[in-house]
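Residue numbers (full-length UniProt numbering), protein chains in the order written: chain A, 1 to 672; chain B, 1 to 672.
Everything labelled a hint here was simulated from the structure, so no lab data went into it.
Treat the hints with care, as some may be off.
As the list claims (entries may be wrong) - Short derived list, chain A residues pointing at chain B, Cβ under 7 Å: (1) ASP197; (2) ILE412; (3) GLU471; (4) VAL617; (5) GLY628.
Predicted, not measured: the structure shown is a model, and the values here were computed from it.
Cβ coordinates follow ideal geometry from the N, Cα and C atoms, glycine included.
2 protein chains.
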Amino acid sequence: MDISALRSAHPDHWSKAAAIRTLTLDAIRAANSGHSGMPMGMADVATVLYEKHLKFDAKAPNWPDRDRFILSAGHGSMLLYSLLHLTGYDDMTMEEIKNFRQWGARTAGHPEYGHASGIETTTGPLGQGIATAVGFAMAEEILRGQYGKKIVDHYTYVIAGDGCLMEGISQEALGLAGRHELSKLIVFWDNNNITIDGTVDLSCRIDQVQRFKSANWHVQEIDGHDPEAIDAAIVAAKKAGKPSMIACKTHIALGSAAQDTSKGHGALTDEQLIADTKAAYGWDHAPFEIPADIKSAWEAIGARGSAERAAWEERLGSISERKQAEFARIFDRDAPKRLAPTIRALKKQMSEDQPKLATRASSEKVLAAVNPVMSETVGGSADLTGSNNTKTGDLGIFDTDNRKGRYVYWGIREHGMAAAMNGMALHGGIRPYGGTFMAFTDYARPAMRLAALMQIPSVFVMTHDSIGLGEDGPTHQPVEHVAISRATPNTYVFRPADTIETAESWEIALTAKKTPSVLSLTRQGVPTVRTKHTTKNLTAQGGYVLADSEGKRQAILIATGSEVEIALAARDLLQAEGIGTRVVSMPCMELFDAQDEAYRKRVLPAGPVRVGVEAGVRDGGWDKYLLGNRGREAKAAFVGMEGFGASAPANVLYEKFGITAEAVAEKVKAML
Amino acid sequence: MDISALRSAHPDHWSKAAAIRTLTLDAIRAANSGHSGMPMGMADVATVLYEKHLKFDAKAPNWPDRDRFILSAGHGSMLLYSLLHLTGYDDMTMEEIKNFRQWGARTAGHPEYGHASGIETTTGPLGQGIATAVGFAMAEEILRGQYGKKIVDHYTYVIAGDGCLMEGISQEALGLAGRHELSKLIVFWDNNNITIDGTVDLSCRIDQVQRFKSANWHVQEIDGHDPEAIDAAIVAAKKAGKPSMIACKTHIALGSAAQDTSKGHGALTDEQLIADTKAAYGWDHAPFEIPADIKSAWEAIGARGSAERAAWEERLGSISERKQAEFARIFDRDAPKRLAPTIRALKKQMSEDQPKLATRASSEKVLAAVNPVMSETVGGSADLTGSNNTKTGDLGIFDTDNRKGRYVYWGIREHGMAAAMNGMALHGGIRPYGGTFMAFTDYARPAMRLAALMQIPSVFVMTHDSIGLGEDGPTHQPVEHVAISRATPNTYVFRPADTIETAESWEIALTAKKTPSVLSLTRQGVPTVRTKHTTKNLTAQGGYVLADSEGKRQAILIATGSEVEIALAARDLLQAEGIGTRVVSMPCMELFDAQDEAYRKRVLPAGPVRVGVEAGVRDGGWDKYLLGNRGREAKAAFVGMEGFGASAPANVLYEKFGITAEAVAEKVKAML
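Build out the structure end to end from the sequences listed, making use of the hints.
Now the structure itself:
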């Protein structure tokens, strides 16, 4: 690569891009770890994007109508950190750059949402960024539909590498973006032909241009080091009327001895290599030193959007006060005032009607009540709309001719759905929920984990949550998935027992600001167990006494979801024999564990024998209740699943796997 | 659709295909559940495939050189069951068809591997079949490379639906097959334009023909109801020299009132609809009745391959006895005799050398010893070869010009890798292992779960298994993934402490016949803790006393993997204060739980206080050891992770998160 030609052709551009490249080299050398090659390869694209196109104001990083920039190839985090520092984001100081990858720094190894302004999403697990970006672009379309172009009108830009495009999730993202003609989504492919194991060719010979075209994308191919070509491509992409992919031919670790090699992908820390590279760049400044003229040129870029932002603020001020308040509310993730009374009214009605309903159907009832009072909910399903009960009448279908539509047919794309939901939540102004079968949590998991890590309140509506699914068999029957969700930090896992608990779970999920929720819902009908109305949300306590013992308390049955009915029936059997039995409903272990000790001991006093009942594996956090905090020898048992399920009608499966009231009662009696 | 034209054009073909269609209708009506539309739509393709092309012998279903047929669209299971019954597989009786989806039947809702002969793999979770099929085709190539065309020379056929092609995993499969020019892989796409939510168009407008071409596939488009076109397309596909996709335009639920609708995708149980459909088919037989002439025509198809099989047996008999024995051994999943002494010798050497090594590096040492004595191992990594330490010198790289190569550069495709590994194991003759980071278990999980459900011994080499990964930060640091793997039934989760335990873990993984293994391995160096050589495989006991207490036993520390070193250091601190402390190494909880109670009580006597130490969440099965089987008040604590990790050097993270010998010792002292 003839660096000197690049330098001389566009000297002003070059020096700005060189600042990114040298900050990258310096920070990675200081950390002695990181990924040098990608920022060095993509600095030209990023410089042109920030200088000429990206709508942002470094001093107002949360401006809702800013363009979003998503670094899907998150290992190249120094690219983003350099841009944020150079353009003048207040919290991205040079100290932070110098502390790259150190404890407490904003500059984590991969960009972590919440660590610094301008990090729109956490990336690193490959492919997540591009799929999350689809959600950003959909959120923009929906809000533009609701608030008009004057208030919402911005682009979502993505840099993705070969890794992102090889991951399966990228195909789900491509399909969604192409289907919905997300014309404000522009992806730069860092086409550097290098992966960790060697050249891309070792494992992949896909014609990406043809592939993107097959998914209804506009595609251009350019030299990723030519600023004029980059600019022209972005201009053309904006006019494409479709999602646009710009294939940028680049040199990884440009200008270094490791250029165009796998070695260049990783941490370049060799002093001589760094010195030689800087010499090739014509950069003779001390480490971490950015000459004032270059810094001020970058800061001018960072300030470029301030007038536009001021004009936007004025436009926002010109819409109705009601709309302004709503806009502020949804971006603050505040629930509307009408949510609580809506839930209460539904609970009251249900405690009177006492329907026997699958909790997935209960969930639909809740959504039917809630969606009309929350303009920010956007629902959907991965091609199981009728099974997940996620669609309510008022939402409208999101489509090319109905951008206001609040229901998304995600197709058979659980992973892409979950990532795009995260993108909607991160964009702001939207509370996404989406459904599939609980067993297919497996497909969506990488994105569900990111929701928990990023502290965003995506709601995963996971129906058919046990062997109660029946005939579809063990591939479709979760046994470990509730446990998996519970093992994940910062995740509410709700397994409601009836319509009332379902409504309470939804209320918590829809008011949560920093925690995603998994709603684990039944396929099969369950009776109303909360027959006495309380305005208080008992599910918010995680677990509570649903039916207390009569006479001397000898046993406590702890159950969740569809097994609460079984526990209550077991209590009847035991009480009939004079064995005082309490039933504790435990719809959300995370919330129960967050209660004070006095409450937890009141619900679960140490003495009585305990039986846990859940049609899943015991590993799902049960032993802490069955064995923990006991003042004497712990007598406890568990009625649930020990292995995979089977294909048969649901009632047969419950019998065959021994999850019955009789089995629970027997366990109690054996221990007394 | 003009059914009468189809009938009259090819009456013999029609009646055979109608047998599939009517068995489907009858079985689903009896079960009152199932998926009628797909078998009715694809019966013509399946009939031509079985009649004219598929190399098989219904009376010798395990013939190693048979063609494989994989129903990726597993919900259409009645297609497969019908074929197996009609062609005369002994275990697929009419009784089984009548018991479709009932307890104990071979005819589960989705095809379950092991339930009946001719079910090559479990399908149902969409996209798994096509990705697993890639592994089948790779196994065929590798074994053909090793044994020659006389012994191994067969095709892998797949039927995939729109759901399979929308799932991201399909893209990983396409990329792998195209890259490796798997010319004996032929995929029929059931292009019926219908998903559960409606027409495909609702969620997807991808040009699949162009998409497959972009991945280097040969593509044809045909009328999926025209037997001559189907036959000609298969003939052409076989000559393509590339993987081949045949887009079959079909009508879902052909000939019924629900044809070409979402309703037709599901269970057609309406009596009148069934009667009308059968009338349109010209089928006037009783439910489950197959006229003798049609049955015998099908049985002739089932017997068609018997002469070819006999000739193959003869050819097998003509190769060297050594090769014959090896061929039989690898298909029986028997370990070679040399494995045990190889492991023993390595253990002895390591107990003398006492290296300080990351267990991922220990794993490489084991593989370097084992791969030369096991021709059936095929290794690989999802673009982390140098990090996962999965490649050893003798393997050779699998490529278009080296089909014998036993190392696969899987690319950035964890999910596709895991599914293809399963395919290799299912094909037989191969023991696959493949690596990625432990955190990316998330990406591979749907296929890992299937390995457990199918009872096949795939080995997942998951390195960088804790915060010990360091600077890459929380996206790359597993905290719940060991717990997730342990919560999954029928999965060995090994977290070895040193080279010796790593060798022992590999020995178990490589001799397992029905259980997949997850090897959870460190990035960071750990000392040799098993300094006294034992020929016995102590890891096979799951947990064992590594260092016993001196003096009165007051505490037991239970640890795994990299935290065993910490437990030993804590023991030193405690013993120095006169507190008798036992250290139990627990490399595999599943194997420990399988020991008899006497052994478990010997290792974990009830009295002493207990502390578990693992750099992961407590939910990972810990409470059963910390709180369970205790004769008095359980005093126990856990030192591990309560939330996500962070980006910093590994040693800093261990300090900051409090996973240290000092913290462990303090916990013990606080309880005494």
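Take the shortest C-beta to C-beta distance between GLU471/A and chain B; is it under 7 Å?
holds, 4 Å
Report holds or violated for the interface hint on ASP197/A, using the least CB-CB distance to chain B and a cut-off of 7 Å.
ASP197/A check passes; min Cβ-Cβ to chain B is 5 Å, inside 7 Å.
Residue hint ILE412/A, partner chain B, criterion CB-CB below 7 Å
holds, 4 Å
Holds or violated: the hint that GLY628/A contacts chain B, with Cβ atoms closer than 7 Å.
Nearest chain B Cβ about 6 Å off; hint holds.
With 7 Å as the cut and Cβ atoms as the points, is VAL617/A at the interface with chain B?
holds, 6 Å
The structure is consistent with each of the numbered hints, conforming to all of them.
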